[in-house]
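2 protein chains.
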Amino acid sequence: LTYNEDESEAYRAHDASTHYKYRGTYWNEGKREIMIRYIQLALIGLIQGSVAYFCNVACHYFVERKFERVASILESGSYFFAFLSYFGHQLTFAAFASLAVMIEPMSGGSGIPEVKCFLNGIDLPRINDIKTGLCKVIGVVGSVSAGLPVGKEGPMVHSGAVVAASVTRSSVRDDKARRDFVACGAASGVCTAFSAPIGGMLFAFEEGASYWSQSVTFRTFFCSACSIATLYTWNSVGSSFGALGFDKLFSFGNFIFEGMQASYSVWELLIFVFIGCMGGMIGAIFNNTNEKLTHWRIKHVNHSKFRRYLEVLCISSIVSIVCFGIPFIFHECIQVPDTDGMSQQQVELINRFVQFGCPEGQYHPTASLFFTDGNDAIKLLFHMHEHTFPEKALLLFFVCYISLATVTYGIAVPSGLFVPSLLSGAAFGRLFGNLIYKIIPDKVAFSNTYSLIGAAAVLGGMARMTISLTVILLEATGNEQFVLPLMISLFCARVVGSLFNTDLYHIHIHLKPGVHFLDGELRAISGHHDLYAGHIMSKDLVFIRPIEKVATVYDLLATCDHAFFPVVDTEDRDILYGTVSRHILTTLLQQRAIGVAANPSASPNRNIVQNHVTLEPNCNYVPLVPYKILEREYPAYTPISEIAVSDNDRECFIDIRPYCNTAPHTVQETTSVRRAYETFRTLGLRMLLVVNKYNQCVGTITRDDLTAEA
Amino acid sequence: LTYNEDESEAYRAHDASTHYKYRGTYWNEGKREIMIRYIQLALIGLIQGSVAYFCNVACHYFVERKFERVASILESGSYFFAFLSYFGHQLTFAAFASLAVMIEPMSGGSGIPEVKCFLNGIDLPRINDIKTGLCKVIGVVGSVSAGLPVGKEGPMVHSGAVVAASVTRSSVRDDKARRDFVACGAASGVCTAFSAPIGGMLFAFEEGASYWSQSVTFRTFFCSACSIATLYTWNSVGSSFGALGFDKLFSFGNFIFEGMQASYSVWELLIFVFIGCMGGMIGAIFNNTNEKLTHWRIKHVNHSKFRRYLEVLCISSIVSIVCFGIPFIFHECIQVPDTDGMSQQQVELINRFVQFGCPEGQYHPTASLFFTDGNDAIKLLFHMHEHTFPEKALLLFFVCYISLATVTYGIAVPSGLFVPSLLSGAAFGRLFGNLIYKIIPDKVAFSNTYSLIGAAAVLGGMARMTISLTVILLEATGNEQFVLPLMISLFCARVVGSLFNTDLYHIHIHLKPGVHFLDGELRAISGHHDLYAGHIMSKDLVFIRPIEKVATVYDLLATCDHAFFPVVDTEDRDILYGTVSRHILTTLLQQRAIGVAANPSASPNRNIVQNHVTLEPNCNYVPLVPYKILEREYPAYTPISEIAVSDNDRECFIDIRPYCNTAPHTVQETTSVRRAYETFRTLGLRMLLVVNKYNQCVGTITRDDLTAEA
Ligand SMILES: Nc1ncnc2c1ncn2[C@@H]1O[C@H](COP(=O)(O)OP(=O)(O)OP(=O)(O)O)[C@@H](O)[C@H]1O
Ligand SMILES: Nc1ncnc2c1ncn2[C@@H]1O[C@H](COP(=O)(O)OP(=O)(O)OP(=O)(O)O)[C@@H](O)[C@H]1O
Ligand SMILES: [Mg+2]
Ligand SMILES: [Mg+2]
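Chains A and B, in that order, give the protein sequences. To convert, note that position 122 of the first sequence is 144 in this note's numbering; the numbers rise steadily by one, no gaps. To convert, note that position 672 of the second sequence is 694 in this note's numbering; the numbers rise steadily by one, no gaps.
Since the hints were derived computationally from the structure, they do not count as laboratory data. Incorrect hints may appear among the rest.
[To be verified] Label-pair distances were calculated between CB atoms; the ranges are:
| # | chain 1 | residue 1 | chain 2 | residue 2 | range |
| --- | --- | --- | --- | --- | --- |
| 1 | A | Thr361 | B | Trp289 | 34 to 42 Å |
| 2 | B | Met57 | A | His557 | 27 to 35 Å |
| 3 | B | Met57 | A | Pro657 | 23 to 31 Å |
From a predicted model like this one, the values you see are computed outputs, not experimental measurements. All C-beta atoms, glycine included, are put in the ideal place defined by N, C-alpha and C.
Based on the provided sequences and hints, a complete structural model is requested.
Following this line, the structure appears as structure tokens:
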């Protein structure tokens, strides 16, 4: 993707005419366009908010139904038929989810790596198509309903990006604006997934930080506000007089304790440091295992659609067996606690306990974790009294669930990672809290706090984000007191995790073939201190001249697939004249923007072309093909193979100068790689030309060259 | 400030030797340096947290004392003596605060504009000196205790920056690292001022967004966590077993209502939009008036220290008269409400009511706003029941207070703007809420919510930040429910305010002479569409040659004060060889890194120099003066006037090539100004060279040239 403005004569003429249009009256074209842009942003927010809301509702409905049926069979005492029904439901949903991915393979997985790539400037095919978005959303409803250990947060991010790209498809004419919109869309996706508007913005910022500008901040802000407003509005439908209730949105429930007392002491921060480190370790193991699995999968499964489908079914079956079998084997019933002295929230949560064959008034602790909706399990872990779950159940749940999640991520269903990490982390944290409580009772925080910190630590160890996760989790808990513990545990998780490997999204990005992701900073800097741009550039330059024969251009385009070509003025000391992009050349050929054929009997004569367009260097002549036409086919241009050039035309000359970017970004060949990398990345380039000290082009640097060395 | 790495031979040699040191063992120099860096960050957090805490405590103590004394005189019934005592106290404190500014003029005002300038790359003298920081902190205690309508938030930001710069003074050797540390320091300043760690980070990010990188995010995160932990720790001193209490920190009090019900309905968001717009308007008027006043002040007051001092005393007197006089004139007593059915917090706040001569069991509403500490007044406005303050009192307070704040900002005391804006905004919002309540009773939110939104709107209208203010206010309220109303009102305030003028900090930056601030985006873009870099560059190039006579260099340095010089190879087609900075040249002269004197009888002979250092272009010869020595005097270098060069030396040659940056950032003269601006700003350059197509340097662009056109 080209995140840089063109600087050719043609673009300037276009730009000048646009500005001309904008001049004058107070309410002018420019203002109108800004208006339209904001309306589009509002629309993105609106659509994404609605998508997220209905996706939420659908998941909720399906899961509820599933468990209702199974529970009714269970009540009649027949474990076997209950299992069959459960198994059948889960399998059906999983098959359905996988079907969506079969239709559109890009819609598998979490979607966050894909969005990251896009923001980084990598153009993956079909990533922002409406079809992909639809499959993703429908698929994720299926996979969540199937009870797989997946969340719908990653897919929501992807869906936000798709919505943004789709809404602006017809009106946005360059990659840069498109990227900014996609960043807004991704932010609103996060924002709707967690009902965390600030967290969403920070997520988009933490992922796309290198290209950030203040106006993008502002637009993301607006878009997030719109989407969260939509979500609230949907959510208040039905309640009297538009009063808000937050019950149907993603949240951790109400983390507010009595009085203004804090829920932890200062010295407990040290314990949180420890939990953070543990979480980092767990995350690192998770990432490592999942990487190995994905390698195996790429080799043995991914080449055939049938195998991928089968894999989904297998895993779904395993999940069903585990989730049903473990509560069945470790059967245990505990008295439901008294509701006296409980907060209103806890009283409500009591209904979330799962009986699983226990008599009335009792609940089954293991089943309440395994055999229920993920969100309910999280809330139970976060809010119930410390003796609610025995340590054995917590340990069992933690181990099984995280293993299942490891295996699941990467199969052919849309699947987010946040909920599984949070859930297993919550179990881990609670377990830890209970143990601490046994050692020093009465002096430590409620184990709920530990549960929250554990969830943060495991998630942080897996995703390695800091500021955005802090804010997301803070917004989900809604209690500012936890800001410091969350910061501490996320920080430690990241530091410890980074000792072993990188975050899961990165791992998956690097596993994609042919994707060259530019990290925030150059890795392995120590190796680069005396490596120059001249060392890493591609040296076999394919260039064209300012005025070139059509035949040459055509053959060049047909034989080599570079996206940009330097234009070298061979008449004038071989200096660099500019660059021209492939799609401009093809469009020129398509439009037959060519000079009169040279007299074939005479030797090719420059003068004929010179008569055609003026050659004075400083004269702003109107280009033959206006910029509007050059970019008409954006974003998908006709490939050269579909353009036919007649034999007669082949002998003509084509004047590329008006379409050249005459001020390309260049570096000297003696520039260090570090500086070249920085320039490339901060300016969001697609190609950097390397010149020698006479401004003769000696090579090119693209993404490929930079990552090959990094 | 130079935010770019050098690329000279000397630097490379230095870099290579550093890397060489780092190689090998697992625990190496590099790791050690990272450790040290984090320790420094922790230290910054620690110091700034302590500074903020003690500053808080001191203000609290002084203000408390002042009001205690006055109240005791008041009780004895003598209004006149009470006024005298009040007046005297206030005047003394103001005189004290102003004294601090007299000692160090840079410590006046809010400090945020100065920090913004620094992050933007402008080197204001003495901005980060310890003396400035001390004066600022001591002064702000004085000015807050003096009851002036100022806050201590801006000064805290400045103090954070000073702390960061001071802690790292001895170990940080380049501007870039220093900037990153200062950004961290500023973040921790905000963080301690509002106890809002995330808000602090976002503040630093919103101000320094163009140079942001992921590692800076991470470091800021760490630094904020440290400072907030320090603050909490200090705060928990004295409480049993380190339990946290948040009472002594900045906060808006507990914004939590009963149940999980939200405190507003969806349709009320429209009202918030309206409040936001009003706030934007108020902010715009505020900014405009203050700008006019500052102009006047620059002309008539600022040239003499005595006048500035007198001004402070005058304004302090006016403030005292108003704050005492208005409650005195509009005397009114209201029954203190019953404590039944009140939250614990409200019960506590009842003690904050001011009697001002009212009988026991009653309070004076106007005095409770005017004649009290700003933080208490804010809490009363935010939390008490809607009939607490009559509309008349609110209106009166709003008008008087905001006028006083307008007049005060800019006088010679350290003064923040957040608290005044919040306070007047809160009064405005509450007024508005009460009016709405009269029209449609029972259906709207508690007027407290309106109060909060009003505060946000006025602050937003003045400072025009969006995301960071949202988060700061959200963290201060601690209730996630308000995120959407806050976002909406801040957004509207900014949009409406921007129709009229820019934010107050910008206004004050532009009023500073000789400061060229680079905004996020080029203003007045419409004027630039066919302006090239060649048009705006400085054309009278002062250049030197790779090998130059000492006399020439010395005279050049003495006669012109540019910071960088292009090195032009006059032997080789006049092409650009590189750039060299002024301080390197002076250091070279100082170190006598010069060749053998040319035989004065013969014509100057190149060969003599050539014997001295090898001339093969690709040979990495060890430079005569190592990089360590070149940067030894950082950040303040000896001026050329203090360096004496003997007559004999003047005839020698000096070889600049090893010290040249051979890969300077250049642009073609045909580059559009827009692109040049973007390159300059995103890469954080200090000088951009303009070259023609033969790579001959034709001009230079610096900050001055870019802002002259913008
Ligand atoms: N005009 C050129 N002459 C010679 N080598 C080139 C030229 N353009 C690109 N290259 C080299 O070819 C390789 C691939 O270039 P390509 O144009 O595919 O860039 P890209 O960034 O991968 O673009 P795309 O996203 O279209 O694949 C790189 O190593 C690059 O340096
Ligand atoms: N070597 C040079 N030859 C000619 N003009 C120059 C040269 N260097 C700078 N200038 C011009 O002189 C003006 C001021 O330059 P100066 O070196 O003071 O830069 P600056 O960014 O203001 O640095 P400082 O922060 O040290 O003041 C600018 O208009 C710049 O274009
Ligand atoms: Mg390629
Ligand atoms: Mg200057």
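task = List in ascending order the numbers of the hints, as given earlier, that are violated by the structure.
result = Hint 3 alone not satisfied by this model.
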